[in-house]
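*Asks:* Could you build all of it, start to finish, from the sequences and the hints given here?
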Amino acid sequence: QQQVKQSPQSLIVQKGGISIINCAYENTAFDYFPWYQQFPGKGPALLIAIRPDVSEKKEGRFTISFNKSAKQFSLHIMDSQPGDSATYFCAARMGGSEKLVFGKGMKLTVNP
Amino acid sequence: EAGVAQSPRYKIIEKRQSVAFWCNPISGHATLYWYQQILGQGPKLLIQFQNNGVVDDSQLPKDRFSAERLKGVDSTLKIQPAKLEDSAVYLCASSLEWDRETQYFGPGTRLLVL
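These protein sequence lines map, in sequence, to chains Z and X. Oh and the first sequence: position 47 is 47 in our numbering, straight run, nothing missing. Oh and the second sequence: position 104 is 104 in our numbering, straight run, nothing missing.
No lab work stands behind these hints, which were simulated from the structure alone. These figures come from a predicted structure and were not determined experimentally. Just so you know, nobody snuck in bad clues.
Calculated lysine-lysine pairs in the DSS-like style (CA-CA distance at most 25 Å, straight line):
{"#": "1", "chain 1": "Z", "residue 1": "K104", "chain 2": "X", "residue 2": "K83"}
{"#": "2", "chain 1": "X", "residue 1": "K62", "chain 2": "Z", "residue 2": "K99"}
{"#": "3", "chain 1": "Z", "residue 1": "K107", "chain 2": "X", "residue 2": "K44"}
{"#": "4", "chain 1": "Z", "residue 1": "K57", "chain 2": "Z", "residue 2": "K68"}
{"#": "5", "chain 1": "X", "residue 1": "K44", "chain 2": "X", "residue 2": "K78"}
{"#": "6", "chain 1": "Z", "residue 1": "K71", "chain 2": "Z", "residue 2": "K99"}
{"#": "7", "chain 1": "Z", "residue 1": "K42", "chain 2": "X", "residue 2": "K78"}
{"#": "8", "chain 1": "Z", "residue 1": "K5", "chain 2": "X", "residue 2": "K44"}
{"#": "9", "chain 1": "Z", "residue 1": "K68", "chain 2": "Z", "residue 2": "K5"}
{"#": "10", "chain 1": "Z", "residue 1": "K42", "chain 2": "X", "residue 2": "K11"}
{"#": "11", "chain 1": "X", "residue 1": "K78", "chain 2": "Z", "residue 2": "K99"}
{"#": "12", "chain 1": "Z", "residue 1": "K104", "chain 2": "X", "residue 2": "K11"}
{"#": "13", "chain 1": "Z", "residue 1": "K58", "chain 2": "Z", "residue 2": "K68"}
{"#": "14", "chain 1": "Z", "residue 1": "K107", "chain 2": "Z", "residue 2": "K15"}
{"#": "15", "chain 1": "X", "residue 1": "K71", "chain 2": "Z", "residue 2": "K99"}
{"#": "16", "chain 1": "X", "residue 1": "K44", "chain 2": "Z", "residue 2": "K71"}
A short, non-exhaustive set of chain X residues, derived as facing chain Z with CB atoms under 7 Å:
{"#": "17", "residue": "L45"}
{"#": "18", "residue": "D56"}
{"#": "19", "residue": "L91"}
{"#": "20", "residue": "R100"}
{"#": "21", "residue": "G106"}
Beta carbons: idealized from backbone N, C-alpha and C, even for Gly.
*Replies:* If you want it as C-alpha cells, here you go:
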C-alpha cells in the first residue's frame, strides 16, 4: 500500500534524446508527487513535483505526466544532456504529513 | 545560503560497535528529517523533527537507533549496536515550516559495518 514502483532501473540515451521514467502507486492517500535527482556522492535534490489535480506540469526540459485513474506518473526529460546523467527517484507524500515514500531509483546515462 | 551539513562523510565500524552522525540543517529550517538509503534503493524516512519535537519515528528501529534535536537546530542520529544490515547512506534533510514540501538534503554519511 505504501510502495511506489519505479521503472526502468536504468536507461541509456543519446544526447538530444528523450528520457522517460515511470512510476506507479497504489495508495490513494498520496497527495503530492515529487521527482528527485541525485548525483554520485550528493544528496537528492528536488527537480519537479505535481499534485493529483493536475495532469501535466512542465519546467524547462522536464515534464511530469500524471494519470490519476491509472495511478501512474512519469518524468520526461527532453533534449537529454550528458549533465542529466544521474539517478532519478520518484516519490509520493502521504496526505496530511510530510512523509515521502521513494521509488528505488533509475540510473540515467546520457551519452555525448 | 549554506546547505545542509553532515559529518562525518564516511564511517567504517565493526558490528556491535556504536556510531553517531551529526546534521546541521539550513538556518531557519524548523523541520529536520533523517533518512536511510541502502545501496540500490530510495531513501527511507527514519525520523522527522519539528523544532525539537518528534513528528514521526514510526520507521526508526528504536531498539538500536536513537535521534535527538535538543535545541531545535542540529541533530544527532546514533546506532548502538550496529548490525551488518545498517550499512547505508544516512541522509539528513530540512525544510521550512511553511514549505515542508521542499526538502533540502545534505550529502549524507556513508556507513559501512564490517
